[in-house]
Amino acid sequence: MTARRCRGSCPVRAARAASRSRIAGVLLVLGLFFLLPDGAWAARISELTETTFTGRAVRFFTLQDPSLRFALTGSVLLGICCGLMGSFLVVRKLALMSDALSHAVLPGVALGFLWTMKKDPLAIFLGATIAGLLGAGLVQALRHTTKHKEDAALGFVLASFFAVGACLVTMIQNLPEGNKSGLDKFMFGQAAALGPGDVQLLAVVTGLTLLVLGLFYKELLVTSFDAGFARSAGIPTQVFHYLLMLLLAFAIVSSLQAVGVVLVAAMLVIPAAAAYLLTDRFGWMLILSAVFGVTTGVVGSFLSFVGRNLPTGPLMVLSATAVFLGALFFGPRHGVLAKWWRRRSRSARIGRENLLKAMYHVLEQEGFRGETIPIRHLAEVRRESIEDVTRDLGRMQTHGLVSFTGDRRAVVFTPDGWKRACEIVRNHRLWELYLTHAANFAVDHVHEDAEKIEHILGEDTVRQLEKRLDYAHRDPHGRLIPGRADDYGKGPNVPKP
Amino acid sequence: MNGLVPPFDFHRVVIEPWTTGFPLTIWIVLMGSLVGIACGLVGNYLLLRRMALVGDAISHSILPGLVVAFLIFRTVNTPVMFAGALLAGLLTVAIIEFIQRQTRVKVDAAICIAFTSLFALGVTLVSAAEAAGPVHIDAECVLFGEIALIPFDPPVVLGGLELGPPPVLRMAAVTLVLVLGILLFYKELLLTSFDPGLARAMGMKTTVWHYGLMTALSLVVVSAFESVGAILAVAMLIVPAMFAAQLSTHLPTRMVLTALHAVASAATGYHLSVWLECSAAAAMVVCGSVLFALAWGITALTRKTGWIDAPTPENSVRQSVAAPPGSGADQ
Chain A
9 MTARRCRGSC PVRAARAASR SRIAGVLLVL GLFFLLPDGA WAARISELTE
59 TTFTGRAVRF FTLQDPSLRF ALTGSVLLGI CCGLMGSFLV VRKLALMSDA
109 LSHAVLPGVA LGFLWTMKKD PLAIFLGATI AGLLGAGLVQ ALRHTTKHKE
159 DAALGFVLAS FFAVGACLVT MIQNLPEGNK SGLDKFMFGQ AAALGPGDVQ
209 LLAVVTGLTL LVLGLFYKEL LVTSFDAGFA RSAGIPTQVF HYLLMLLLAF
259 AIVSSLQAVG VVLVAAMLVI PAAAAYLLTD RFGWMLILSA VFGVTTGVVG
309 SFLSFVGRNL PTGPLMVLSA TAVFLGALFF GPRHGVLAKW WRRRSRSARI
359 GRENLLKAMY HVLEQEGFRG ETIPIRHLAE VRRESIEDVT RDLGRMQTHG
409 LVSFTGDRRA VVFTPDGWKR ACEIVRNHRL WELYLTHAAN FAVDHVHEDA
459 EKIEHILGED TVRQLEKRLD YAHRDPHGRL IPGRADDYGK GPNVPKP
Chain B
18 MNGLVPPFDF HRVVIEPWTT GFPLTIWIVL MGSLVGIACG LVGNYLLLRR
68 MALVGDAISH SILPGLVVAF LIFRTVNTPV MFAGALLAGL LTVAIIEFIQ
118 RQTRVKVDAA ICIAFTSLFA LGVTLVSAAE AAGPVHIDAE CVLFGEIALI
168 PFDPPVVLGG LELGPPPVLR MAAVTLVLVL GILLFYKELL LTSFDPGLAR
218 AMGMKTTVWH YGLMTALSLV VVSAFESVGA ILAVAMLIVP AMFAAQLSTH
268 LPTRMVLTAL HAVASAATGY HLSVWLECSA AAAMVVCGSV LFALAWGITA
318 LTRKTGWIDA PTPENSVRQS VAAPPGSGAD Q
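Line order of the protein sequences matches chains A and B.
Just so you know, the first sequence maps onto residues 9 to 505 in my numbering.
Just so you know, the second sequence maps onto residues 18 to 348 in my numbering.
Don't read these hints as lab results, they were simulated from the structure.
Computed from a predicted structure; not experimentally measured.
A hint or two may mislead.
Claimed, not checked - Partner residues aside, some chain B positions facing chain A, computed with beta carbon under 8 Å:
(1) ILE128
(2) SER144
(3) VAL273
(4) LEU277
(5) VAL302
No residue lacks a Cβ here, since even glycine has one placed at the ideal position from N, Cα and C.
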C-alpha cells in the first residue's frame, strides 16, 4: 500500500498525472475520463459490506465504488487495446511473441523500479518498453544470424530475459525498500489495485494504438497479409514490423498491472482468435476483437466483484476463453458444429442422389417402359435389404423426390425427383465422356472419378461440358445421356416416365 | 541503488561454498545439473521438431493439474500431485492439437490459448479454494520455485548408506529413465523428428512417438518445476539445446554438449547467486544464456555452424539412421 500513500502525498506525481491526462484528452478518449474518480480506493474489488449476490451486482452496475470505476475503466481500455493489437498478432502468426515479450519486460520493470526506488508507473513503463523492444530485436537477430527457428528464438528471449528479471527482483527484495516494492503484483496483476496513473497510461496507449491504426491501416493490412507484395509496392515492412512491436510492447506494459505477466498474452490472443473464427474481413476482425476484449474485461471485473476473493485477471481470461469456445463450436462458418453439420448434410445429399441414380438405372434397364420402380428390384441393384431401401425412400419422400405407390411395394419419381435424377446421370456420363475425349482416359478408368464429381458439378460447368463435347448423346459406354429437355419429361432421348 | 550489488569477495563467493558450505553446495549444483540435463535432452528433440514453446505451455498448465489433484484427493503427497500435473500436461498437448486440426487458428495462437486458459483456471481455482480452507499450493511458487529452498533434509538412507536428499534422488531417477529411453528408442525418435513422412512410410506410428515425447516432456517439467519454477524450466529446456545446436549438427554430440552446458551453468550460476544474493535457479539460467551468447559469438565470428563436429549434416543423419538403435549414441 506504499503506492496509495505516495499517490496521495506526492505533488510531483499529481502534476505529472495531470499533464498526462491532458495528452490523453487530445487523443480522442475524452469520453472515458468522466469515470476517473479522485478520492480513496479499496485494495481489492471485493472488500465490500454487501454480502448478497444481488447487493453486490447492484453495486457493480451503479458504479458506486471508486476502485471499481478505476478497475472497470482499466479493463475496458485494456480490452480495446489488446483486442486491436491481438488481431495483428493472430493473422501474422506472432501470437507467441506476446508471450515472450510479456516475460521479457520483467528486467525492465525491475530496472524502472530501481531508477526511482518506488513504483512509479512512468519509470516502469519506460524500462519495460525498452526491455520489450530489446527482446523483439534479439528475436530478429537470432532468426537472421543463426539457424534457430522462431520458436527457439522466442523461447530463448522469454527465458533468459525472465531469468535476468528474476535475479534483479530477488536482489531488490534484499534491499530495505524492496519488500514494499509490490513487484510480485506484476506476475499475476491486480486490476483492483489500478490507480489513476495506471488508467491514464492505458488510455494514452489505447489512444495511440487507435491513432496509428487510423493513419496506417492500409499499410499495416498489406504488410500483415502479403509482406512480399508490400515490399514490392515500396512499403517499408521492417519499419511497420517494429512499429507494431513498439505498440505491442506498449500494450503489454500498460496491461501488466491489471492482468500480470502470464495472462497478458491471453488478453491479446484469445479475443482476436475468437474474432478470427467468426469473420473473413480484417476490419470486422479488429472491431469484433475489440468488442470481445471489452466484454471479457467487463465480465471478468463483474465476476471478480460479485465473487469473494476471486482474482480479476484470471477471470477476464476465463471469460475470453468462454467467448473463444463459443466461436470455436458455434461459429456460423468456421465453427466445429457448423462444419460437422455441413459435412453431415452433404453426405446425406450424396446418399439421396445415389439412390435417385439407382432408380434411374432401374427404369433404364426396363427401357423406360413403365414409371413405377419396384422396391425389390431397387434393393437388388443397391445390394441392400428391402427394409434399408424402404427407409431411405421414406426419407426421400419427405424431401419430395419420390412417392410410394398404394401398396408401398414400388415408388415413382416426383417431377422434382426425376429432374434431379436426370441431372445426376447427365453429370456422370458427361464427365466420363469428357475424360475419355478431352483427357484421353481409358474407358474403364473413368467411372470412379465420375462417381465423385457428379455431385459437385454446377450448372455452368455442365453447360460448358456439353458445348465442349458437341452436345453428344451417348456416353463412352454407349448409353444415352439425358438431355436438358428430358428433365421436363419431353426430351427425345428418354421417354417420359 | 546502494547495496544492490554486494562487493565481490573472492573467498566468500568462490572458496567458501566448496569448503564450509560444501554439503549444501554439492546438492544444489547437482540438482541444477540434473534438471539441466533432463530438460536439455528433451529440449534437443523439441528444438528439432520446432516445438520449443510447447514446453512453455506445458510448464504453465501444471498449475491446474496440481490444484485439481489437490481438490480431489485433499493431499499434497508427491505421487498424486505428480499424476495431476502429468495429465494436465498431456491435456494441454491434446487441446493444442484439437484447436489446430479443427479450426483455422494457427499453432502459435493455439498454444497461447491453451496454456493461458488453463493457467487462469488454475489461479481462479486456487483463489476459490482458499475461501473454503487452506490450500497448500501457491501459484507464485509454481511459477518461480527456488532450488535453494527445496527440502534437502532428511536424506534417504538405504541399508546404512546415506544416499542423498529425496528431491535430488527423484530428479536423478527421472534423468536416468530419460537417458535409458533415449538410448533404447534413439532411432525412432531421430527419424520421427527429422522426417515424419519417411517414418510413417516405414510403418512407425508418429502420433505414438509424438505423445511419448510429450509424456517425457511433461515428466521432466513436472519434476523440474519445484526446484526451478515453471518459467525457468522453459529456459532449462531451450537454452542448453540451443547452445549445443549452435556448436554441433550431430545429434549425439549435441546431447553430450547439452549435459556439459547444464553442469557448467549450474556451477557458475550457483557462484553468481552467492555473490549477488539472488535466486539460484535464475542465476543458473543467466549463466546458461551467457554461455549460449558466447557460442553464438564464436559461430558468428568464425562463420561456421558445426563448430565442434567433423561430419557434415547429411552424413551424420544418414549414418545415424542406418545404425542400429542404441549404437548411434557413441558415433
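Now the hints, each set against the structure:
1. ILE128: At about 6 Å, which falls below the 8 Å cut-off, the nearest Cβ of chain A leaves the hint on B:ILE128 intact, so it holds.
2. SER144: Holds: closest Cβ of chain A sits about 5 Å from B:SER144, inside 8 Å.
3. VAL273: violated, 19 Å
4. LEU277: B:LEU277 check fails; min Cβ-Cβ to chain A is 18 Å, beyond 8 Å.
5. VAL302: holds, 4 Å
The structure fails hints 3, 4 (numbered hints given earlier, in ascending order).
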